[in-house]
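Chains as they are written, first to last, in our numbering: chain A, 1 to 250; chain B, 1001 to 1090.
Derived from the structure by calculation, the hints contain no laboratory data.
A few of these clues could be false.
Covered, in the sense of this in silico footprint (three residues per stretch, anywhere, with C-beta under 8 Å from a C-beta of chain B), are these stretches of chain A [unchecked claim]: (1) 48–59; (2) 70–81; (3) 156–166.
Using N, Cα and C, we set each Cβ at its ideal position, and we do this for glycine too.
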Amino acid sequence: MSEKWRIINEGEYSEAMHHALDEVLIEKMNEGDMRPTLRFWYRPHTTIPMGRFQSYHDEVEHDYIEENDIEVVRRITGGGAMFSEPGKVITYSIYIPKDQVSENIRESYRELDRFAVDALNDLGVDAEYRPLNDIEHEDGKLGGASQTRKQDAVLHHTMMSYDLDTKKMLKALRIGKEKVSDKAIESAEKRVARISDYTKNSREEVIEALIDSFVSEKEWAYGSLTDEEIEAAEKLADEKFRSEDWNKKL
Amino acid sequence: MQKSKKVEDGKLVKINAELGEKFEDVKVHGDFFIDPAEKLEDIREVVEGLDIGFDREELIDEIDDIDAELIGFSAEDIADVLEKFRGEEK
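The whole structure should be built from the sequences, with the hints applied where relevant.
Structure (structure tokens):
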């Protein structure tokens, strides 16, 4: 299988569909049926992707979610709940053979987000990686990553705030509203930084800069999802990522 | 009842349980990572039905015996959260 990277920077899908695509593509990568791929996400609605091991009832404000028709989907990766509005976040997934990634999981987070931190720095955004899985500015968290590993492949996806409405985010997520005994942690988790606060570049330009940074010293070409990938994901989205069994299982 | 712990340089571990002499209706959740993911249920099963007066080292050994990588938390953190149920704050 050629090592030439496929870069997908197109396609608007529901939250459920994006997670289904992640599962379909990481399985294909694991089978060796796919070129390594970097895929950017576009969503038409306000959504919340939550961590695989989080409790639905603990993480979202149900009344606000229902009133505002926000789609909540449980990821196949761990980590925390995020808030996404159309055009206001940058999300990407990397599907890569396991032998190209550090075996040390902590190290692999740093490795796989390095291109993004470099790109942001080049745009004048003082971003840095903060273990385990955050991209931070000194003012707050810009974004976070999460991973899942198969036998022979790693899925690493990252979501960053371009210009999220932080007030809405705090209405939709229960961050800091639960009784965490340590007050200092509460305030830290509430601090959210946004890329647009530090650069005049548009979201599209930031994504282009991310792609330029990612592909440097790689063989690559822009590509699209195949019909077969989309069909498999549509089926999985219906069976799993739109089901209460999955989304509310914890 | 829910108790939780924010692990230093790690993630938030939360445990829900009904408490009598044992931990019952246990739910272990949070923004941590487990590889493979299915092993979360194995951890939960260690805690379900566990005697409230459990031995800390035995519990940690039992969780460590599960063939899974815990990322952002450890068996010690699970023990810490469970100890909070019996009023032992760290």
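Now for the hints, and whether the structure bears them out:
Only when three residues or more bring their CB closer than 8 Å to a CB of chain B does the claim for the segment 48–59 of chain A stand; here the count is 6, and the claim holds. Closer than 8 Å: that is the beta-carbon criterion, and the segment 70–81 of chain A has 6 residues meeting it against chain B, so the requirement of 3 holds. Remark: the segment 156–166 of chain A is not confirmed as covered by chain B, as 0 of its residues place a Cβ nearer than 8 Å to a Cβ of that chain, below the required three.
Of the numbered hints given earlier, the model fails hint 3 alone.
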